[in-house]
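Line order of the protein sequences matches chains A and B. Everything in the first sequence is counted per my numbering, starting at -4 for the first residue and increasing by one. Everything in the second sequence is counted per my numbering, starting at 2 for the first residue and increasing by one.
Treat the hints loosely; a few may be bogus.
[As the list claims (entries may be wrong)] Which chain B residues face chain A? A few, computed with CB under 10 Å, are given here:
1) 9
2) 88
3) 103
4) 117
5) 118
6) 167
[What the hints assert, rightly or not] So these bits of chain B aren't anywhere near chain A, every CB distance computed over 10 Å:
7) 15
8) 41
9) 134
10) 136
11) 146
12) 162
13) 164
14) 175
15) 211
16) 215
17) 218
18) 239
If you are wondering where the hints come from, they were derived from the structure by calculation, not from laboratory data. Note that CB positions come from ideal geometry on N, CA and C, so glycine has one too.
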Amino acid sequence: MLMQLGLTRGLIYQAAGTVLGMVVTMVWRLLAGMPLWDQEVVFVVGGLVGGFAFMWGVGAIDDWLEWCRGKATPLVHGPPRDKPAWTRYFSTDYNHKVIGIQYSVTSLLMLMIGGSFALIFRAELAQADLQFLGMGMYNKLIGLHGWAVIAAILLGVGGMANYLVPLMIGAEDMAFPRLNAFAFWINVPGGLLLLASAFLGGFDAGWTAYPPLSTQGSVGYQFLFLAIYFVGLSSILGSLNLLVTILTMRPKGMDLFRIPIFCWAVLATSLIQLTATQAIGTAFLMGLSERALGMGFFDPEGGGNPILFQHIFWFYSHPAVYVFVLPGLGIISELLPVFSRKPLFGYRWIALSSLAIALVGFLVWGHHMFTSGYSPYLRVPFMVATLLVAVPTGVKFFSWVATMWGGRLRFPTPMLFTLGAISVFLLGGLTGPILATVASDLYLHDTYFVVGHFHATLFGGFVFPFCAAIYFWFPKITGRMYNEALGKLHFYIMTPAFWLMSIGQMTVGTMGMRRRIVDYDPTLGGGLVEARHLETTIAAFLIGLSILIMIYNLVTSAEIGVRAPANPWRSRSPEWQIPSPVPEHSFAAPLQVVGEPYDYGLEEEYVVMDESQAGHAQAH
Amino acid sequence: MRSNYRRHFLYAGILVVVFTLVIQWVLDLSLPLPDIQGSAQSAAIDNLIGQHVWLIAGAGALVLVIMGYSIVAFRARPGDEDEEGDYFHGHSGLEIAWTVIPLIVVTIYGVIGVQVLAQVTAPQDNEMTVEVEGLQWSWRFAYPEHGEFQTVEMVVPVNRPLLLSMSAVDVLHSFWVVEWRVKQDLVPGITTELRVTPTEVGEFQLRCAELCGLRHAYMLADVRVVSQEDFDAWIDEQLE
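The shape of chain A in the complex, shown without the other chains (with noise of 0.2 Å):
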């Protein structure tokens, strides 16, 4: 049975594919008269092997290799004849659905992988002095823990956008299904080299890797750059595909101004993806290479710049903070006017604002080398850039509180996240600023502040959001609803422990405390430091707490919950005009858009299925 699966063909063939690509490269050494080992070039190689392998094994390849051989292939949908229906999510399926929820799911466990990583550098922390954490391990754990947190958030944004924007536009799937499939299983052999550089000797420079430190580093470095090369690869092939698939598969009628507001989030989001991973790609790529080959990038001797590695690094990284909210911000928009029984206020200001948001990403990233020793005029060029990025965040903040104004509120699980990401998101955003302005920066910078601020943002743009998404389209995938109860547990467990957690990392950063120390001085802040370290790990240990509890809630009400009606929420979104859970063809027939998306209040609906044209869209 086991065998049957795509992921364990994909997994034996990583396997074997990495030994393979070692073995020859050895070989190759050998006969071109080189020392047979050389642990950067031979782990390289395999490394890379071993990851296209996997894709080979998992059959995400297979269609275009039969193409390649001149046969066609007809795209299959439903479920695998001869096994098991739950078997398609462990193999490749090209249907979006499947896709959507294996990207959610591995986000979720990467989530806890990361998250687990963080509890136990700040169980180390919640004392001053070394306790059981020795200085090198938590050195590499910082980083792992960043890496794995920032794979789960691409992997959550691709679910959400897989599963959600064929079903908003009444799409009958994404533009390119074997390419989407092919960007989804991509990210496994990537998070798997990930983790597998921790047995590599790990990587000691934390998640951003910077030379000479991380060019000096353990071998676990290279797995580290492959990883993301993996990871940034289905980055931009899925956003090519979301792109399309926004642009060119919409029904008639629905003008771009008319598209659910969380499609504009993804289709900013994407252009993001698309332009900028390539600058990681490219500085993880130098940093490789200057190891593996010897290029002198970012080492003086050879004539190379470090600086230089943070201006393409923070090319992409900025911008990917972006690509990280941004979703989670259209789902916040989203969500809000189902619960407040209200029209989006102004929508298109809403959706201009993530365009706005992204343009003016891509021209602040200097912002993270305020101290970096690059040339002092660059700095306040920066920080104006910086600064405007507020303006568009401000028009989402007001255009949501002013949605909710005048409503008729109601509070399931999904709005009280939603509530909290706003709550959460505006400590992060307004805690930019100040960053942002160099001179209380150069103090600011590198410290505890700093790790603080960002949590908010990933936490109010991505996890809070994700949340919300998660119990709000539960009854959609499922067909069952979640246990409230349960739901309003985690929220109310979650936020509080997230905002003593965020405000404990902000007070020890302005009482003096580095970020990325294993230790510090315990009579920082007249001595409350500690204290405050006690709390911001109780109240992590409390999120993961709570994290638990959502993932029992999830899995329990999968089996036992409710049954779902076809929209408990009373949504005008086309997703809900179709049965729970939704059907391998997700709409019987093709959209008409007849209203607005958002108008609640009206009785007129968003879109209706053309009743005639039924069962064409299957034809297709």
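Assemble the complex: chain A is given as a structure, and chain B must be docked to it using the hints.
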């Protein structure tokens, strides 16, 4: 309901003002800066941070209060289950206002930021150069204007503008004395500069603020700020 908006706006407006003050007070408690302002740069930076805390409080109160007020005043009450909210879907004037006003506010904060930056980085007359070298995981200091010697603790005269000329031997490091507020990275192959004028006599700690490997957390050096006479005596001691 619409006719009552005037009353709702009034209540919410009052609450925004109250909560601005409350949040500002809470943040002042939650974000404590070190008591000692050890350099001429410290006060300017602390003031700037204080001004930003007001921005956080004001903007935070505005959003949180309107959100909280809506949660209370516009919640669906028992019996409202099927009722919809008031139907309005936008207001261009409002959208323009909350685009333009934040633009003005961030411009003001930008101008203030530029002024403070100019103030804390301005070259001074009578600067004394100290050469700082960072290496895994210790610091070295040299005083080229006073002779050929290197130390592992940094001793500087009070109220004398310093020009720190810094370089890294191996990997990135960052120079940071909490009481002096300002920080600057040290980069292999490049000389970076930091200007700071210590104004408080005392013993402080220099901490590396850029992750630099295994013992990064413990990459510390003692910093002593002393009177000019004590400094001269210390120099003589070093030259012996």
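Now the hints, each set against the structure:
1. 9: holds (8 Å)
2. 88: holds (4 Å)
3. 103: Holds, because the Cβ-Cβ distance from residue 103 of chain B to chain A comes to roughly 4 Å (cut-off 10 Å).
4. 117: holds (4 Å)
5. 118: holds (5 Å)
6. 167: Since chain A brings a Cβ to about 9 Å from residue 167 of chain B, closer than 10 Å, the hint holds.
7. 15: holds (16 Å)
8. 41: Given a closest Cβ separation of 13 Å, the condition holds.
9. 134: The assertion about residue 134 of chain B holds, with a minimum of 15 Å to chain A.
10. 136: Non-interface label stands for residue 136 of chain B: nearest chain A Cβ at 12 Å, farther than 10 Å.
11. 146: Holds, because the least Cβ-Cβ distance between residue 146 of chain B and chain A comes to about 23 Å, which exceeds 10 Å.
12. 162: Since the minimum Cβ distance to chain A is about 16 Å, residue 162 of chain B lies beyond 10 Å and the statement holds.
13. 164: holds (14 Å)
14. 175: Violated, since 6 Å does not exceed 10 Å.
15. 211: violated (6 Å)
16. 215: Given that some Cβ of chain A is not farther than 10 Å from that of residue 215 of chain B, nearest at about 5 Å, it is violated.
17. 218: violated (4 Å)
18. 239: Holds: least Cβ distance 28 Å, greater than 10 Å.
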